[in-house]
Every structure is written in C-alpha cells, then in structure tokens.
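Trainee: Next come the chains, spelled out residue by residue.
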Amino acid sequence: MKSFQRISYPYILWMTLMIVAPMLLIVLYAFTTQGNDVTTFRFTLENFARFFQDAVFLDVLKRSLIIAVATTVICVLLGYPIAYVIAQHNPKNQMRLVLMVTLPTWINMLVRTYAWMGILQDDGIINSFFSLVGLGPVKLLHTTFAVILGMVYNFIPFMILQIHTSLTKMDQSLLEAAEDLGANRVESFLRVTLPLSLPGVISGITLVFLPAVSSFFIPKLLGGGQYVLIGNVIETQFLTSGDWNFGSAISLIMAVIIILSMYLAKKVDRSPESLGGGSKG
Amino acid sequence: MKKLIQFKHIVKEFDGKLVLKGIDLDIYENEFVTLLGPSGCGKTTLLRILGGFLTPSEGQVIFDGEDIKNLPPYKREVNTVFQKYALFPHMNVYQNIAFGLKIKKEPKDIIEQKVMRMLKLVNLEDYAERNVTELSGGQQQRIAIARALVNEPSVLLLDEPLGALDLKLRKEMQRELKKIQQEVGITFIYVTHDQEEALTMSDKIVVMKDGEIQQVGTPTDIYNEPVNRYVANFIGESNIVDGMMLGDKEVVFEDKKFDCVDVGFEPRQKVDVVIRPEDLDIVPREEGKLKGVVKSVVFKGVHYEMMVETRKGTSITVKMKVSEDRPVFNEAANEKISANDFYLDVEDVAELDEATIVARADAQAWNPDTDEFVSIKEIVYSIEPKIGKYPVTFTTKAGTSITVNMIVKEQNRVTSREYNEEIYAMNFFKKADEIHESMALETDLKTWANASAWSLEDESEVEITSVQYDFDPETVTTGLYDVTFATEGYEYKVVSTDLYHEGDEVGLTFAPEDIHIMEKEG
Amino acid sequence: MKQKNGLWGKILLVLTAIFFYAPIVYIMIFSFNGSRSLTKLNGFSLQWYEKMFSDRTMMQAIFYTIAIALLATVISTVVGTLTAIGLSRSKKILRNVVEQVNNLPVMNPEIVTGIGLLMFFSAIGIKKGFGTMLLAHVMFCIPYVILSVMPKLRSLDPNLADAAMDLGATPLQALWKIIVPQITPGILSGALIAFTMSFDDFVISYFVTGNGVNNISILVYTMSKRVNPSINALSTLVIAMITLVLIMINIIPMIQEKRKKRKDETVL
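Protein chains in written order, with my numbering: chain A, 1 to 281; chain B, 1 to 522; chain C, 1 to 268.
Take these hints with a grain of salt, some might be off.
[As the list claims (entries may be wrong)] Which residues of chain A face chain C? A few of them, derived with a C-beta cut under 10 Å, are:
#1 L28
#2 A49
#3 D54
#4 I66
#5 V69
#6 W106
#7 V111
#8 I119
#9 D123
#10 T165
#11 G231
#12 Q237
#13 F238
I should point out that these hints are in silico values taken from the structure, not numbers from a laboratory. For each residue, glycine too, the CB sits at the ideal point set by N, CA and C.
Chain A with its partners taken away, still in its complex shape (with noise of 0.2 Å):
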C-alpha cells in the first residue's frame, strides 16, 4: 500500500541530514583550510601532508595499529578456544554460556574499564597478591599491557559470539563425515571445523579491530594522560586546539585504514570457501 510506504519518508529526510550531512562535512573539512566559517573554504591536501610529515603523528599512527592488531590476535586466541568450549555444550546450556559472555557488554564500557583502573594499581588486589608470593610492586596501571588488557576485556566479547555462531551454524554431519572418512579428532578439526568457523572469526576480527584502533577513553584511562594513540589526537584536535580540518584528515585516515581492513578481512573471508568447501549463508 502506498500509504505506508510514504510513513517512512520523515526518516529519510532525518537520515540525510544527520546520518549523511555529517560524514559529508568530516571530508569537507579534511580538504580544506582553518577558519571554523561554512563560507570561506579554501581546498588542500595541507592537513594530510602535515600528518604524514610528522613523525609524532606516525608514531601514534604506527602505537594505534600495533595495539589494535594486538588486541585483535590476543581476543582471537583467547576468544576461539572459549567460542569452542562453549560450542560443545548442550543447548541450554550453550545459552547461559552464551549469556554470561554478553551479561558485562550491556554495562557501561566506560564504568567497566574505570573498574580495572582499581584492580590494576600499584597496591591493587593484582599487586597485593604479588607481594604475598614476595614479589614487588609491577607496574600494571599505565602501560600498554593495561591499555591492551582494557581493550580484550571490552571487546573479546564479540569476538566469542561470532566465533560460536558459525560453529553452531556448522552442519554437525560433516564432522561425523569426516570421521568416517578416518579422520581423528585433530584432523577433522583442522580440516573441517577451523576452516569452516574461519568467516565467523573474520567477522569477529572486524568487530574487535574496528573499535579497538579507533578507540581513546581506554588508552586515557589505563595507559594515562600521556598514553595517545590516533583516537586521542582526533579528541584533542575537535576539544582541547580546536583544529577541527587537522582532526578530520586524521578521522578521514583512520577511516580509510578501517575500510582497507575490512576490505581485506573480506577477501580473506572468500577464500576458505574453496578449500573448506563452503557453508557460508
């Protein structure tokens, strides 16, 4: 009936304005000039000469994408056995399983990461326990390890759940298949279970790597004021110099690294099918 489908034209007009205007004007002020004035813009590749120029700028760049391809190797190995283990369950209790990984994403990232700042200090329950065997103080608090710890613990989560949805999604035949084909355990893991679960990790690596290279309050919090990574310079730029055409160059980039990885996670995603034979809705 037409007159539904006219209800969603209000959206659409919101949409364009507050979904699309926005992404618009990040490139608009990427390529252009100072001057925090709509009229008086003037096209440059300045702000993105200024950041590859820069070997601050390229070091936080080079720190960002370290930690973030960090996180996303740690949540995949941690993150893949649990999927696993979880996946071996019944199905009731596959859900409770299920449940408590996703229990803690519905709190406040925010609250969540400012916990571990107490457990993670000097003379915090980690420390404490330390000093108890005789070991001394480590340094927990402010250092890549907290910053990469804060990290898994927040987003690990989406890695488990995509990891243990392809494996529930696996036609468990081909496994008894394969059996019978005289594979062993390892065998049919290898050769029918990880090459068949291999989109739902992709996909988890994407949902873990996306935030984790984009993200600021988790490098402030557990590595310090003075721990930047791209996030922070882009914080910096739009709150504190007010350079808002600088900081939309480095968001642009950012960007840009972002779809070159998914693009690339994508292809990759592809080309299990050939050797795995194949079981991707």
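Chains B and C: place on chain A using the hints.
Mentor: Only chains B and C this time, still in chain A's reference frame:
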C-alpha cells in the same frame, strides 16, 4: 441479471512491464466467475485491482454504476479470501471473524449473532475460541471465508483459495464453496490456475493469458468451443493436429477429408483441429475414419486413457553387431588389450582424431592381475574419406598391440517429407557384456548408434521417442541385430470405458460436430 | 559435538567468568568501602552513596542519562518501527539505500560519528547541550530499532495488512491492530537495545554535549583522573539499573507465558 462490475480497458504496468493489456469484462449479480490462467497471466492482478490493493494504470472499474478505481479497499463493498488465508495469528477464530464488524463498531450482541451464524455456515461452530494457528489448512480456509462473508459484501473475491490444500480436501471445498455461494447468493470472483476447479464450480469462466482475455463463456461453451489452440489446451486435454480448410464445413487432416460444422474460413487456410479425447470412439479398424495402433493404456479409475498412433513417425533401422570380447594377451608384459571394429561416416573422416578413434573402438589395455589400466601409447592408422575398410593398430609402451578395422560408410539417414524431418543413425559394434550391463538400454542404444533427428524447417532437434530392437538384452550373444529408432507420429488420446490392449489395431471415429476448428495463433 | 567437556574446558570457562565479572564485582565491593582507598577494604559504609546523592553534578548526570535514554528510546522506537514498516512496502532500491546508510553509524567508529555530529550541529548553529545530545542519541538508536524490526516484518504474511483493510480497517487501524501486534517482539528488543545504547553511550555524547550537560559516562571519564570512590557508588548504581532492566525484560515474558499457559489449561 443485473450488471454489477464493469472493467473498462484496464491496463496495469509494473516497472515498465505490462501485466494487464486492456481488460474489458462485465460481471453480473450472483455469478460465480472464475479467472483462469497460468501463473503470471494477470488474473491475480485483476482481482487485486477490484479489491482496491492496486490502482490500474489506465481504465475504469465501474461498480454499481460508479467508478471505484481510486476508492481505498476499506471503503469497498467487496471482501477477499487471500492466498494462504492471511488470518490474523494473534487473534482466535472468533476475533478473526468479528474483526470487520468491530471495525464498523457494530453492537456486541449483533457481532456475536453474526459470527456464530457464519461459523455455522462453514461448519465450525465449536471452534470459536480456538487459536487460528492450531487449525488445519481446510479449517483455516473456512475461517477465512467466514471472516470475509460476515461483512455481507456484494462480491467475494477468492485468490487461489484452495491452492494449499491436498487433492481430497480440495474437492470437498469446491463443493462446499459452490454451496455457500448459492446459499448467500452473492457474486463470487474466483482466481485459479486449475482448469478442473474452474469447470466444476463456475457459471462463467474467463480464460486469461499474458494479460489478455482469451475467451469468456460458460464452462460448456469454453470446453466445447474453445476459440483457439491455447484455450483448447488449457481447458481439458485435447488432441490438436494440423489441418487445412477446404471451404465451409470441410477440413483436411492426416491427408483425409472430413466433414465438420465450422464455417467462415478461407479456402486452403491452415488451421488447428481439436478433438476432445472423450469425443473419439474406438471401433473395429475397418469402420474407423482413422486407423491406428494402441500404443499405451492407462487405467484412470472409471475409464481407460489410451494413446492410439495413427501414423508412425520417421524411423531408421541400423545393424548392431555383437562380437565376443577377445582381448590380446601379452604374456611377457602381463598385459591385455582389446578394441573393436567401428563404423564411420564419410563426412566424419576429416575430423577424425586419436581420442575419437580410441573412444569409438573402445580400445583399452590393462593388467589382468591387478585390473589396472595401462595407457595406450601409440595409434597407427591411415584413412581416406572414401568408402572402405581401414586398419588401426593400438600399442602400449610394453608393445602389446591390437589391430581393428575402421569401416567408412555412406552417411545413413532417412528423410520424411510428410513430417518434414530427418533421422540419422549408424551401424555399430558392441560386446555382449556391455549390453547386459546397460542400465538404460534405450538411451545407450541411441548414444552407441549416434542417433538423432531434426526438423528440416529450422534444424531444431526432434525427439526420438521410440527405440525398438529384436534381441533380448538379458541373453543377447554374438550376432547381427536390428535396432530401429523413430520419432513421434500422429497420436490421439482416447478416453473409453472399454479396454483395449497395447498393439491392438483399431479404428477411430468421431462426429462432424466433435471436430473443432480454430485459427492458427500468431 | 556432544563430546565430554574436558577439565581444561571447565577451567577455561571458570577463568573466563572471573575475567568478565571480577572488575564488576570489584567495583561493587569497593563502593561500600569505609575509606577512600580503591585498593584496601576498611569496613562497610554507605558514605560514598551519601556523597553521591548529595553531589549535584552526579545527580544531574543521572537525571540527564535517564531522561535522554527514555526519550531517545521512545522516539527512536516509534520512528524506527514506522520507518521499517514503510520500507517493507517500498521499492527494493529505496530499501537498500536506507539500509546501507543506516549501517554507517552502526559500522563507523563512534568517534567519527561523534565529530561529524559535532561539526554538523555547529554548522547549523544549534547550541550544544541537552537538545544536541538527545538528537544524537535518537540518530544512533534508530538504526538498531530498524535492524531488529525489519526481520519480523519480513517474515510476516504480506497480505495481513491488505486483509485488515479489506475488512474495513483504515491503514492506521491495520497498522495498529494487525501489524504492530505481530512485530511486538522485534519492537521490544529494538527498544531495549536503544535504551542500553543510549544509557551506556560515552563517545558520541562526549563530543556533542556542552553547556554543563553531562551524562554518567562523561562524568566517570572526567572524574576518573582523581581518586573518587563516589564513582564506584555511581558505577554500582549503573550496574544495578541495567541489571534491573535486563531482569525485567527477561522475566516479564516468562510471567506472561505462565499466565497464558494457566489460562490455556483452565480452558482445556
């Protein structure tokens, strides 16, 4: 009877595609009208236009003297029974039926009375409190009808309402629908692709195709006097043969002249001749207007359905030489090799290559102990595109070799001027084992003989429907056998309560009024 | 995959549970601490809760958080549901375009959405504060509502609305009496997601707020530089509220189910 609905030149376009191409149709009061046609013919679109769910691109929908083209569905005096019923799953049976009355804010006691009366009409008095999702397909169907009828529409639209039911239930519902229609005395417009449904229930059938009306008439009219080959084919089963008019009331088909009752054709005009299976009678051969052989008999409960072939198709007979398998044994290398002679067409010699030779000669070498194949390393032959015998020698690496003959022959084909088609096949050699092991012998014989048939008009392939042979595939031994391939000839479907047997020679007869002549399409 | 779970599997799950819940439990315990310390427990006290309730900025942040979450939930649920219904009847091209654009805020890093909105509000000259925060929250909540309502609409018999109108219902009645009851589960889960997304949001709120309007997340972020155990109390409150919402969401359907079952049993 009063004219209730008039479709005036209705055109409907979806994304540049014409779904209805100018429909003109009148519907009267108290009629049971069926829109009949295959899926995609536009019948449902026409119904939805009347229901108000679609607006026509062009034309008028006159209802009771007013153009209702732009009236929304909730203001129309028609109700619809939807495909798959569209019952509201969150309401029970009572609430579903009461929905329309509640919307109209009728008093509660009146609603209850009316709903109960409807439940009685559809024989589901005890189901008021049931959840609609728990009901069977047939029960859901009745609820959908009750829900529509309770609003006392002047027209009820039914969109393939029996499509989801099984055969037995469908028959039952057909009778019941007709009964309900007669009881409530309103117009039913019924959409279906099932010609039998249309014939049993309707007062009027509208046959549609590709967005156009082909014919409008009573079931009897449509059945007996279809206006064209399409309608004849769609309504009931028909024998349709090519014919030519000689003048009024005279038609020629199968090279014979017959009387008919049709007039108004040009002399020598090519026509389709339609004869219903039940209009054909089987009589002794000498009394038949057409003579033929019973090809198949299927028992249909009350009657038999038989195919009578009055003329054979184009056929060709080839020789099959069954030879013994005598492989050459090379003891020194412990290898066996085998191959057989084969025939070749003169025309094919030019395109001959080694792979074809190996395949046609069925050449293979193997180790008799392990049964593993040994590859053939060398093929020596010389051949000319002339009729004759040419030896070919296959040799393995170890020197095991066998020589067979390639026999080049004139191409073997039969041309039929009557059917304007050609059939081709060639002689072939086979080993008895291969015939014993064949799972689909007729298909294999076609492949072995390379049999094919095609039309001389447009080179299109013609199916070879008959393969006959004079050997018993179970016990066949070495020797020379005949294999005959044939295309389909003229066959008539005949319905009769008398049983004849396959191979019976019979005659067919019919009355002049049973021959229906229609113009060729296109 | 019905093999027995090894000991290692159990250990892994226990460690996972500890990893996920230890910080949450930790913060709740320390919110009742008798001293300022975030590391040593010195007896039980409710002083940090008293401090929190007497702290104007904290109470304001709680108020803004809840007010914006409720408003954003209501607005985005209504608009998102109507839009989804409209889209389900629209041409495929339009539907695809809207779905793609909707994916932007879901897939984009929040910081990008945040700065985009910041620049947008400044470009059209809206003063940052409660209004901009609410607009931003509605903006990122609607896509989630659409995403959870769409699949329910897709599995609906397309003839249901037509059937209602055929029986005399106006389009509005058909919508309210037939379509909405059918897709209620999707609407509810969309509303739940919208509420928690709004309630928990930090990054986008951080960029679009101003004029002293803070939500709980922003407050935690700005106050966390100094030791302030009131944050523990505030965090515990947040955890308690979200847990309450989740329990309500999970329990209400169960009660309804039971009631329905009992009713069915009495009928039979």
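Trainee: Taking the hints in turn, state whether each one holds.
Mentor: Okay, the hints, checked on the actual structure:
1. Interface hint at L28/A: satisfied, since its Cβ lies 9 Å from the closest Cβ of chain C, which is below the 10 Å cut-off.
2. With a least beta-carbon distance of about 21 Å to chain C, the hint placing A49/A at the interface is violated under the 10 Å criterion.
3. The interface hint given for D54/A is violated, since its Cβ lies 20 Å from the closest Cβ of chain C, which is over the 10 Å cut-off.
4. Interface hint at I66/A: violated, since its Cβ lies 18 Å from the closest Cβ of chain C, which is beyond the 10 Å cut-off.
5. Look at V69/A: its Cβ only gets to about 16 Å from chain C, farther than 10 Å, so that hint breaks.
6. For W106/A, the interface hint holds, the least distance from its beta-carbon to any beta-carbon of chain C being 5 Å, beneath 10 Å.
7. At its closest, the beta carbon of V111/A sits 4 Å from a beta carbon of chain C; the interface hint therefore holds under the 10 Å criterion.
8. Proximity of I119/A to chain C holds as hinted, the smallest CB-CB distance being about 6 Å (cut-off 10 Å).
9. Using the Cβ-Cβ criterion of 10 Å, the hint placing D123/A at the interface with chain C is satisfied: the shortest such distance is roughly 5 Å.
10. Below 10 Å, beta-carbon pairs count as interface contacts, and T165/A has none with chain C, the closest being about 14 Å; its hint is therefore violated.
11. With a cut of 10 Å, the hint placing G231/A at the interface with chain C holds, because the nearest CB-to-CB distance is about 6 Å.
12. Contact between Q237/A and chain C, as hinted, is supported at the beta carbon level, the nearest pair being about 9 Å apart and thus within 10 Å.
13. Nearest Cβ of chain C to the Cβ of F238/A: about 5 Å, under the 10 Å cut. The hint holds.
The structure fails hints 2, 3, 4, 5 and 10 (numbered hints given earlier, in ascending order).
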